[in-house]
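J.: Here are the chains, one letter per residue:
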Amino acid sequence: MARWKPIAIGMAALALLAVVTLAAAQMAGPTPEEQAAEARAQSDAARATPDSEPADFPLYPDPGRPREVVPENEAEAPEKVVAGLSSDAVSITTNFDGSDILIYGAVKRETPIPKNAPLQVIVTVEGPAQPLTVWRKERKVGIWINAERVRIGAAPGFYAVATTGPLNQILLPEWDERFRISIPLAMRAFAGPVEVSDTVPFTQALIRLREQSGLYRLDQGSVTLTEETLFRANIQLPANLIEGDYKTRIFLLRDGQVVDVYRAPIEVRKVGLERWLYRLAFDWPFIYGLMSLAVAVIAGWGASTAFRLLRRG
Amino acid sequence: MPIYLPIAEVVVNPFTLVALGGIVGLMSGLFGVGGGFLITPLLFFIGIPPPIAVATGANQVVASSVSGVLAHVKRKTVDFRMGLVLLVGGLVGSWLGVMVFNILQRIGQVDLAVQLCYVVFLGLIGLMMLQESLRALRRSRQVSAPRRRLHEHMWVHRWPLKMKFRSSGLYISVIPPLLVGLAVGVLAAIMGVGGGFIMVPAMIYLLGMPTKVVIGTSLFQITFVTAFTTLMHAVSYNTVDVMLALLLILGGVVGAQIGTTLGAKLRAEQLRILLALLVLAVCGKLALDLFLTPDDLYMIATGVR
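Chain order of the listed sequences is A and B.
Using this note's numbering, the first residue of the first sequence is number 1, and each one after it goes up by one.
Using this note's numbering, the first residue of the second sequence is number 1001, and each one after it goes up by one.
Be aware that a few hints might be false.
[As the list claims (entries may be wrong)] Here are the computed lysine to aspartate or glutamate pairs in the EDC-like style, where the Cα-Cα straight-line distance is at most 16 Å:
| no. | chain 1 | residue 1 | chain 2 | residue 2 |
| --- | --- | --- | --- | --- |
| 1 | A | K115 | A | E195 |
| 2 | A | K247 | A | D100 |
| 3 | A | K137 | A | E195 |
| 4 | A | K137 | B | D1289 |
| 5 | A | K108 | A | D88 |
| 6 | A | K137 | B | D1296 |
| 7 | A | K115 | A | E227 |
| 8 | A | K80 | A | E110 |
| 9 | A | K247 | A | E227 |
| 10 | A | K115 | A | E79 |
| 11 | A | K108 | A | E228 |
| 12 | A | K140 | B | D1289 |
| 13 | A | K80 | A | E228 |
| 14 | A | K140 | B | D1111 |
| 15 | A | K115 | A | E267 |
| 16 | A | K247 | A | E110 |
| 17 | A | K137 | B | D1295 |
| 18 | A | K137 | B | E1132 |
Source of the hints: derived by calculation from the structure; they are not laboratory data.
All of these numbers come straight from a predicted model, not from anything done at the bench.
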């Protein structure tokens, strides 16, 4: 009995320390570091908007081609989108199980509806981008190992495209490339030197795997358009959503060409306990680590005590 | 009622996790293994990102081994002195292992290295234990079984820096236990496990410790090495998901208690056969994954920090 007393005391001290530091952290409110991190996150988000990137970034699927800077003819557009979202913020709570976002709107125009080509609408929702690596396994000395890789500098964690009709019929390739609408073009850039001769199978595999897990989605014909004026689209956000600034884009098209774009942000944030734990883990990792250990030790000790009492009683 | 894990950013069914923790906890109490070698691959299967599975697995092992070690302390089946010597080696080894892990990550072969380590070590140890315990079982069945000598003199007993380990009834050099601790620490950091499945046989066959103190002492060392590992992962990679850990722990601590009670009723030889079979089963599954053509040749790795 006497031999394990110091251990018990040590464990209790550890737990106490964690609780006290936790309480202190909570009372202190946002620290300078936290504010700095917040500011950094915001400036990162600003930099990540697609049209403010340096033009010399190589693109998928053509890594050599420089990026076009798209002039937006905002004033000239004869037809403009007026739109709204059912919510501009998604809160991730403990029982978060995905979310639906209704995107609706109307087309504003001064002149009669043009008769030459029918109006089409494409809605995209894009999550924050992350760097990733696509590996291809190869059989070497009998076993399958990761052999070749392609590193992608930025691929959206979530990307959904909803349209009024088949994408290849309503959107011309050059306009697709300008606005990066279709899923393959959502991939931003390769990172580092490209080490394989053909990158296409890798990017195809990335899209295939992400489509399988519901992170990338192309819903052709899911946008309903009434009288060439009113439209609505329902975008499903998956349950395994990543926190960040999501971007919604609504494209008006005629004859395969984009006549107007509307952009709106959707803020996806963890709230409550989720947010508190997340911030603690990243801003106070040591305290977070101690807290995790305290949880483990208390649970282990508690169970052991409870079982002893059970057996006695 | 699925729930969202704040750090893993994944939605999971909490009951699955509690059940998983329970099974692993049972193993922990029964065999004196932390259960990391089971929990880490199982977490992969349910879609937890590997770095988070490894770090959170270590945290869960802390809980189940604390729970298990306390039960052993009550039964006085922990050799604290041996545990501390092993721990010193373990902490140094864990630190070394993290360095090796970083190098492997840089050359992009971490997955393969981890998998190969699992296959090789689980295979060797599983076979060794199975052979040993089958032989022991045969011996115990014979009427006039030749009694095993209490104290065998092996090569390790001639090394300097001898120390008395009263609970184990050993008077041996501290160098072998330090080396065992070190080796286990290195492997623990690379494989994301507590290392009990390596340490238990090493204590029995290399150090010659009596079986009755092996499990408690192993759990004692595992508790502290995994606590250290958890803290290192939390600080350097932010990959410990406390919500995930809590759910695993809920099942784990209960399982560990049941396992310890059950373990006291079963015979050591039978226990060792069970553990050997379990180790071989996990090894076989991982080996198959290496040899069989995978469903998809491509794999996405995110979160490269």
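J.: Evaluate each hint against the coordinates.
T.: Going down the list of hints, with the structure as the test:
With a C-alpha separation of about 50 Å, the suggested pairing of A/K115 with A/E195 is violated against the 16 Å cut-off. Only pairs whose Cα atoms come within 16 Å are accepted, and A/K247 paired with A/D100 is accepted, the gap being roughly 15 Å. Among the hinted pairs, A/K137 with A/E195 is consistent with the structure: their alpha-carbon atoms are about 15 Å apart, no more than 16 Å. Among the hinted pairs, A/K137 with B/D1289 is consistent with the structure: their alpha-carbon atoms are about 12 Å apart, no more than 16 Å.
Simply put, A/K108 and A/D88 have alpha-carbon atoms about 22 Å apart, too far for the 16 Å limit, and the pair is violated. The suggested pairing of A/K137 with B/D1296 holds, with an alpha-carbon distance near 9 Å, which does not exceed 16 Å. Restraint check for A/K115 and A/E227: the C-alpha separation of about 13 Å stays at or below 16 Å, so the hint holds. Proximity of A/K80 to A/E110 is assessed by CA-CA distance (about 10 Å); at most 16 Å being required, the pair is judged to hold.
Proximity of A/K247 to A/E227 is assessed by CA-CA distance (about 27 Å); at most 16 Å being required, the pair is judged violated. In summary, the hint linking A/K115 to A/E79 is supported, as the alpha carbons are separated by about 13 Å, within the 16 Å threshold. Our distance criterion of 16 Å between C-alpha atoms is met by A/K108 and A/E228, whose separation comes to about 10 Å. Distance restraint check for A/K140 and B/D1289: the Cα-Cα separation of roughly 14 Å lies within the 16 Å cut-off, and the hinted pair is therefore satisfied.
Taken as a hint, the A/K80 and A/E228 pair is honoured in the structure, with Cα atoms around 12 Å apart against an allowance of 16 Å. Pair hint A/K140 plus B/D1111 holds up; C-alpha atoms about 15 Å apart against a cutoff of 16 Å. Note on A/K115 and A/E267: the hinted pairing is violated, with a Cα-Cα distance of about 38 Å set against a maximum of 16 Å. Distance check on the hinted pair: A/K247 and A/E110 sit about 28 Å apart at the alpha-carbon level, beyond 16 Å; violated.
Of the pairs offered as hints, the one joining A/K137 and B/D1295 holds, with about 11 Å between alpha carbons and a cut-off of 16 Å not exceeded. For a cut-off of 16 Å, the pair hint linking A/K137 to B/E1132 is broken: about 38 Å separates their Cα positions.
Of the hints listed earlier, those the structure fails to meet are numbers 1, 5, 9, 15, 16 and 18, in rising order.
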